[in-house]
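Chemist: Chains as they are written, first to last, in the numbering used here: chain A, 197 to 272; chain B, 301 to 544.
You may find that some hints are simply not true.
SDA-like, lysine to any residue: derived pairs with alpha carbons at most 25 angstroms apart [said to hold, decoys possible]:
1. A:Lys243 with B:Asn487
2. A:Lys199 with B:Asn491
3. A:Lys264 with B:Thr307
4. A:Lys227 with B:Lys529
5. B:Lys392 with B:Val356
6. A:Lys199 with B:Lys500
7. A:Lys204 with B:Tyr366
8. B:Lys341 with A:Leu201
I should point out that these hints are in silico values taken from the structure, not numbers from a laboratory.
These numbers come from a predicted model, not from an experiment.
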Amino acid sequence: MDKLLFEKIERKIFVKKESETDWNYGQDPNKRSVEELINYGIVNLNKPAGPTSHQVSDYVQIILGINKSGHSGTLV
Amino acid sequence: MALGKATRIVQTLLNSGKEYICLMYLHKPVDENEIHRVVKKFTGRIKQLPPIRSAVKRRLRTREIYYLNILEIDGQNVLFKVGCEAGTYIRKICHDFGQELKTGAHMEQLIRTKAGPFNDSSWHSLHDLKDAYEFYKEGDEKEIRKIILPIEEAVRHLPKIWVLDSTVDSVCHGAYLSIPGISRLNNFNENETIAIMTLKEELVALGTSALNSDEMMNKEKGLAVKTTKVFMDRNVYPRFTSKK
């Protein structure tokens, strides 16, 4: 199986200090509302051939009615 | 693509490994064995001069090619899959491949199949997004939840440190993380990009490790991570007040 560098690393978890978290603060990321996700989320988008990354970024903003989005670029 | 406040996360994806499927066109017919021989020259550490039209300074740089597999050879068309370090120019690989074969070659088509933790098995089209958004407007959020993911998905490939509730807010204010604030940690080296997380698995910030994970386990105080980018809003967690 072909792997990128980080995919070869086995991540272990070490406990430095056992601690509980207080559920009165923050929240499980999977419980965020769709509205929160639209303003603070990630889309793994298959960019169509043709339009530039910037144009696709604009389409996404129009579809979702937001005014800020960014892409991780296309390096060829 | 990152949305709204999440946009600043894209830098970490730019800096992470990529996989592409590329169609290369050879300018003259070449024996298949010769192609397979040249492939070996394009795996491991390679030297690359960025193309004339590129966003970076044109000087020879070294990049790691983790794998380069020929998928199909059809006449002068060569389809291959390549896993590489961030900042590798595939167009340049094709060009240099042609030079090595002494026939010339160019990149015909390119698809990115991996970028950091994201791959082509979970990607969506603009149409999927539009449809899902319409469903959501009509009250069904099942589809859009499959497409728009929490920002934490974009740091899945990074080593992490989980911090105490009482430490979260100081990091939100831009403070460096010190060792007593750590609850759990992954294995990592010094000078790596680290995702600082809450114990609820929320992303707080990104930073650079000042020590490796073993040293952090063994020491009781001192600097652990230099915070570089804060994502969580301030005052989500209570402000820690020292007991005097």
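Chemist: Take the hints in turn and mark each one as holding or not.
Modeler: Each hint, compared with the structure:
1. A:Lys243 with B:Asn487: 34 angstroms, violated
2. A:Lys199 with B:Asn491: Between Lys199 (chain A) and Asn491 (chain B) the Cα gap is close to 23 angstroms, so the pair holds against 25 angstroms.
3. A:Lys264 with B:Thr307: 8 angstroms, holds
4. A:Lys227 with B:Lys529: The given pair, whose Cα atoms are some 23 angstroms apart, holds under the 25 angstroms limit.
5. B:Lys392 with B:Val356: Given that 25 angstroms is the threshold and the Cα spacing comes to 14 angstroms, the pair holds.
6. A:Lys199 with B:Lys500: 29 angstroms, violated
7. A:Lys204 with B:Tyr366: 11 angstroms, holds
8. B:Lys341 with A:Leu201: This hinted pair holds, its Cα atoms lying about 19 angstroms apart.
Comparing the model with each earlier hint shows violations of hints 1 and 6; every other hint is respected.
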